[in-house]
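Number of protein chains: 2
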Amino acid sequence: MEHGSGGRATGDLIREIFEAQFDNDILSEMEDAAVVPGDVQIAMTTDSFVVTPLQFPGGDIGRLCICGTVNDLCMRGAIPKYITCGFILEEGADIETLRQVVKSMADTAREAGVQIVAGDTKVVDGNGGIYINTSGVGFVPKNIDIKSKNAKPGDVIIVSGNIGDHHAAILSQRMSINNTIISDNAPLQQMVSSLISANIPVHVLRDVTRGGLATVLKELSVASQLCFNIYEEKIPVDLQVESFCGLLGLDPLYMGNEGKLVAIVPQEYASQALNIIKTSKYGDKANIIGEVCAPDNVSNAGALILNTEIGGQRYLDILQGEGLPRIC
Amino acid sequence: MEHGSGGRATGDLIREIFEAQFDNDILSEMEDAAVVPGDVQIAMTTDSFVVTPLQFPGGDIGRLCICGTVNDLCMRGAIPKYITCGFILEEGADIETLRQVVKSMADTAREAGVQIVAGDTKVVDGNGGIYINTSGVGFVPKNIDIKSKNAKPGDVIIVSGNIGDHHAAILSQRMSINNTIISDNAPLQQMVSSLISANIPVHVLRDVTRGGLATVLKELSVASQLCFNIYEEKIPVDLQVESFCGLLGLDPLYMGNEGKLVAIVPQEYASQALNIIKTSKYGDKANIIGEVCAPDNVSNAGALILNTEIGGQRYLDILQGEGLPRIC
Numbered sequence: 267m268e269h270g271s272g273g274r275a276t277g278d279l280i281r282e283i284f285e286a287q288f289d290n291d292i293l294s295e296m297e298d299a300a301v302v303p304g305d306v307q308i309a310m311t312t313d314s315f316v317v318t319p320l321q322f323p324g325g326d327i328g329r330l331c332i333c334g335t336v337n338d339l340c341m342r343g344a345i346p347k348y349i350t351c352g353f354i355l356e357e358g359a360d361i362e363t364l365r366q367v368v369k370s371m372a373d374t375a376r377e378a379g380v381q382i383v384a385g386d387t388k389v390v391d392g393n394g395g396i397y398i399n400t401s402g403v404g405f406v407p408k409n410i411d412i413k414s415k416n417a418k419p420g421d422v423i424i425v426s427g428n429i430g431d432h433h434a435a436i437l438s439q440r441m442s443i444n445n446t447i448i449s450d451n452a453p454l455q456q457m458v459s460s461l462i463s464a465n466i467p468v469h470v471l472r473d474v475t476r477g478g479l480a481t482v483l484k485e486l487s488v489a490s491q492l493c494f495n496i497y498e499e500k501i502p503v504d505l506q507v508e509s510f511c512g513l514l515g516l517d518p519l520y521m522g523n524e525g526k527l528v529a530i531v532p533q534e535y536a537s538q539a540l541n542i543i544k545t546s547k548y549g550d551k552a553n554i555i556g557e558v559c560a561p562d563n564v565s566n567a568g569a570l571i572l573n574t575e576i577g578g579q580r581y582l583d584i585l586q587g588e589g590l591p592r593i594c
Numbered sequence: 267m268e269h270g271s272g273g274r275a276t277g278d279l280i281r282e283i284f285e286a287q288f289d290n291d292i293l294s295e296m297e298d299a300a301v302v303p304g305d306v307q308i309a310m311t312t313d314s315f316v317v318t319p320l321q322f323p324g325g326d327i328g329r330l331c332i333c334g335t336v337n338d339l340c341m342r343g344a345i346p347k348y349i350t351c352g353f354i355l356e357e358g359a360d361i362e363t364l365r366q367v368v369k370s371m372a373d374t375a376r377e378a379g380v381q382i383v384a385g386d387t388k389v390v391d392g393n394g395g396i397y398i399n400t401s402g403v404g405f406v407p408k409n410i411d412i413k414s415k416n417a418k419p420g421d422v423i424i425v426s427g428n429i430g431d432h433h434a435a436i437l438s439q440r441m442s443i444n445n446t447i448i449s450d451n452a453p454l455q456q457m458v459s460s461l462i463s464a465n466i467p468v469h470v471l472r473d474v475t476r477g478g479l480a481t482v483l484k485e486l487s488v489a490s491q492l493c494f495n496i497y498e499e500k501i502p503v504d505l506q507v508e509s510f511c512g513l514l515g516l517d518p519l520y521m522g523n524e525g526k527l528v529a530i531v532p533q534e535y536a537s538q539a540l541n542i543i544k545t546s547k548y549g550d551k552a553n554i555i556g557e558v559c560a561p562d563n564v565s566n567a568g569a570l571i572l573n574t575e576i577g578g579q580r581y582l583d584i585l586q587g588e589g590l591p592r593i594c
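Sequence lines, in order, name chains A and B.
FYI, the working numbering numbers position 133 of the first sequence as 399, with every residue one higher than the one before it.
FYI, the working numbering numbers position 172 of the second sequence as 438, with every residue one higher than the one before it.
Hints in this document: simulated from the structure, not taken from any laboratory.
Careful, some of the hints might be misleading.
Just so you know, same-sequence chains aren't split out, so a pair can sit in one copy or run between any two.
[Unchecked claim] Here are the computed lysine to aspartate or glutamate pairs in the EDC-like style, where the Cα-Cα straight-line distance is at most 16 Å:
1) K418 <-> E557
2) K408 <-> D305
3) K500 <-> D562
4) K500 <-> D550
5) K415 <-> D291
Just need the whole structure built from these sequences, with the hints factored in.
Rendered as structure tokens:
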């Protein structure tokens, strides 16, 4: 509890754990607010991370929180710039784990090209848990207008890689199932900036997180009031994740990722966009999985239709129920 | 737990509780990141709020979190503009309490002239607690350079009102002590913008929060490596808070506020600055409590000296120990 006092112990914690890793000129001013250069148009986002366990195959809450915030900014076409982090530590939180988590944050921030410019630490009673809020600011280049409702009839739908990996990795660890599935948690700023600097007129970007691909696509089809057609056999799923899902009766379409995006682009840019994504870091398994259509009747406006491998059609809705709790 | 799924229940919660109160054009786009106009120089800050109880005399966690973030931005001379909020709800959190907290946030945001532009909700197991992270962006006018280390010898130290109120209110409620002490949680943007628009060359601003006035002033004296002299009889303390402290053996100098600031300004602007603060909302009890001196020897560099009412001198340090946990 003393580490949350705002006095001596809080200062020690900040110096020993956070400053050592997050070192930069702005943060080292140790002000409650950072003053940084701005831009004409900025993007802002916030996310709290409550994942359990804190460390999992392929990542940890530290890598996850930076990726989540970086990716949310990228999905508006922004160049991620600054991150703030707020820690809520439960009494008994392991200092060595915290140290590793903070190192992951610093490493991932470097990879993503963002600076951690302000922070805050609170301590609550509890069982040693760590919650992290990361909020971020990015700069939005002129003439960029990427948002959920911007899909147009004829657009193609690209997913940047295998779905369900993060969810399957977390669940495997919780169930002590022995496999080599690892989380896909990754920052996607390089993939997105490659699309934008190639002048692909991207209509929609969305990272595939809680709720999985189906929830995300359904939200996008509803936002545009168009009909999304996707094809089961085109949706990339890792073989091991697929058998894991088969055994447990899970549907990868509703399982979260933390390093995958959906891009919706005009048909004439489809192959160019796909190539850019496939040659980007974290995009080698990308595929075109469907297309956006004008609704042919009222019930199709906002529909998400899965065309199955055996030739059937299923209307997909957003996730019902609690899914897998505390996945991010 | 279902409210944290990212699916149907999360969407319902956001629409019913948050959207109704935080309604604005940016937020209603329902994107994971908001795109907003920027400026040449921006200030960024973050704070997590874990106060218990959630509602207390004079305020609640909702008013507190907006005030805290607004005030952190103001302390750099910024005009607060945009707030993001991240909620962590423990299972069993009372929906009616959440509704009232969210209304407080909306009311306080309106008072402070800020827009809530992005949000996030997570659910964890627990005992019905609510944690809120608020992060903020403000615009910093040209030629403004207000920071901790900028105090100069000869400057005067102003405190904007009675100290210890928030701490005393929280503690009274936890101990079920019957008095009329209320928290001072308040947004200070009007006070600060009045100082700046009157061209007062403010050197340092700092809000008095965790650790209390002594901790804050000691951090500032260390940052400038100058010697701060303050005078006990000039420090404003509400009579009821003073007797409460006397009974419990508490020192108001180490008790947190949530709506008070310290301003350090050149001596020649002292009375003008004091008048501006005294005529601002929340500043009527402001007083000049001391001055900044060049250190006359090595041990005085960074010292904070309290000149007591009976003519003695005490060197004050930052708060040791845990103070009152979960005060903000």
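Do the hints match the structure? See the list:
In this homomeric assembly, K418 and E557 come within 16 Å of each other (Cα to Cα) only inside a single copy, at 10 Å, whereas the closest approach across copies is 65 Å. Taking the shortest Cα distances, K408 and D305 sit within 16 Å of each other both inside one copy (10 Å) and across copies (14 Å). Taking the shortest alpha-carbon separations for K500 and D562, neither the intra-copy value of 24 Å nor the inter-copy value of 76 Å comes in at or below 16 Å. In this assembly of identical chains, K500 and D550 lie within 16 Å of each other by CA distance solely inside one copy; the values are 14 Å within and 68 Å between copies.
For the homomeric pair K415 and D291, the shortest alpha-carbon distance between copies (15 Å) is at most 16 Å, but the shortest distance inside one copy (39 Å) is not.
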